[in-house]
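So the chains spell out like this:
Protein chains: 2
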Amino acid sequence: MIRKLSEHSRLTARDVAELRKLPMMTRVLDPDDDIVRQGDRPTSSALVLEGLVARYHLLPDGRRQYLSYHLAGDLPDTQALFVDRMDHAVCAIGPAVVGLIPHAALFAAFERRSSLAGAVWRETLIDAAIFREAITNNSSRGPTARMAHLFCELVYRSKAAKLTTSHDCSAPIGLRQLGETLGLSLATVNRSLAELRANGTADLQNGRITIRDWKTLSDIGQFQPTYLHLRKPLDP
Amino acid sequence: MIRKLSEHSRLTARDVAELRKLPMMTRVLDPDDDIVRQGDRPTSSALVLEGLVARYHLLPDGRRQYLSYHLAGDLPDTQALFVDRMDHAVCAIGPAVVGLIPHAALFAAFERRSSLAGAVWRETLIDAAIFREAITNNSSRGPTARMAHLFCELVYRSKAAKLTTSHDCSAPIGLRQLGETLGLSLATVNRSLAELRANGTADLQNGRITIRDWKTLSDIGQFQPTYLHLRKPLDP
DNA sequence: CGACCGCTTGATCCTAGTCAAGGGTGGTGG
DNA sequence: CCACCACCCTTGACTAGGATCAAGCGGTCG
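Protein chains in written order, with the UniProt record's numbering: chain X, 1 to 236; chain F, 1 to 236.
Since the hints were derived computationally from the structure, they do not count as laboratory data. Don't be surprised by glycine CBs; every beta carbon is placed ideally from N, CA and C. A portion of the hints provided could be inaccurate.
Okay, derived cross-link-like pairs now, DMTMM-like style, lysine to aspartate or glutamate, Cα gap no bigger than 20 Å in a straight line [said to hold, decoys possible]: (1) Lys21(F) to Glu111(F); (2) Lys232(F) to Asp84(X); (3) Lys232(X) to Asp40(F); (4) Lys4(F) to Asp84(X); (5) Lys232(X) to Asp84(F); (6) Lys232(F) to Asp40(X).
Covered, in the sense of this in silico footprint (three residues per stretch, anywhere, with C-beta under 8 Å from a C-beta of chain X), are these stretches of chain F [said to hold, decoys possible]: (7) 84-90; (8) 112-119; (9) 211-217; (10) 222-235.
Sequences are here, hints too, so could you generate the full structure?
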């Protein structure tokens, strides 16, 4: 499962052996459970084993700004490895399972195999690329395009992670949360979603994103997957 | 100059010695010159020596989305160390000077002193934190608050980098660029700026941001500097 | 069976975008 | 040296699109 790193990095057999040796405590989460909170000083990092996990900022008025979503195989809080305090929180979106790996164990593995450090570092850089894309998405595209882009990204990443083979993926996201991701009101989210449904490009139902017309949808969302930096990009 | 890293990381004398040995080619830039372009595969990383530098996405219609600003001492394209292709570009905002350090030299230094790798890694993680804050800023705050937040961030970082001691900093940013940073039209940018001028909290003139009332401005922009992860935060 | 929660839809308001015009400044060329 | 031009900032009028408010619907869980 950890071998999602090899989507973007070449790992040797010894790297993989080192990864397998990492101690890990699994933790089962209900929807909306926090894994870490803003201000925490975690001593271990989470690896998503199952489900969907998200990072978010807590705003002064209690609302949230969701920042990114993380699928099985992702490391959603590697930031804490090198930075004292969490400036954001991480929570489960649907039911999820995460593995907690002590920082000390990770550092030790990095010492032994610096290529591992490189792979994790690269992972954090790709996270940053996803954040940048979110800035552009939420700042320069209209509501429907934003939503289309997000759907494309989630499905594309799901496929890259071999979590799905068809044009859909699990995403137990509520419309309110979608709004707090895209910077839109609940009403607009709904109308944009209705638009995507109406033109037959995509749908979100029962916690599942379905893409019916990839070409048109990725056009609407101006989705260009290069920023995800896969070693071998997917076609569809 | 490189010792800006010590704002957030503890460096030993030997780390510093290693940094001083790095080979570097300086390059002088006019306003708007690109340092790297989207799609490039750079073989060296830039260190800002003078002036202001920005990252941006190029949009299909030719407009830009500015993503972050980088002051003297920053490493604006460390991403390229571990990722094949640039997914964004980096350009000079005003006149600027950068130092180009070959990736090979950096990797060699990391091998010799892994604490250096950690410091640079941490720097990239703080970049990511700045991106996250930009998502929140552009998605969940009104025009004036966005601008206030950006001004606070730039001045705060300038002070942290010892580039200024008063409540102002050099920022040769045009209003169009401000708009392409904050996701606002030129007209709105101007009106929001007028508002900040009118209530005596801040100003932008002759390529210089001046903050007249820090307390009120940071209130308007909901600016909380924790996400910058300085080892010792500033008060004012 | 009832209450609650999340989705859906409609009506209204208001904010930010668009369009258009004017003013200041610096640079270039006559 | 001056005239012209280009660029950027500034301001106003109008418009459109998204936020807000409000109500109805449908499923689920107690």
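Taking the hints in turn, this is what the structure says about them:
no., hint, in the structure
1, Lys21(F) to Glu111(F), "holds, 14 Å"
2, Lys232(F) to Asp84(X), "holds, 12 Å"
3, Lys232(X) to Asp40(F), "holds, 18 Å"
4, Lys4(F) to Asp84(X), "holds, 18 Å"
5, Lys232(X) to Asp84(F), "holds, 12 Å"
6, Lys232(F) to Asp40(X), "holds, 18 Å"
7, 84-90, "holds (count 4)"
8, 112-119, "holds (count 3)"
9, 211-217, "violated (count 0)"
10, 222-235, "holds (count 4)"
Hint violations for this structure: number 9 only, all remaining hints satisfied.
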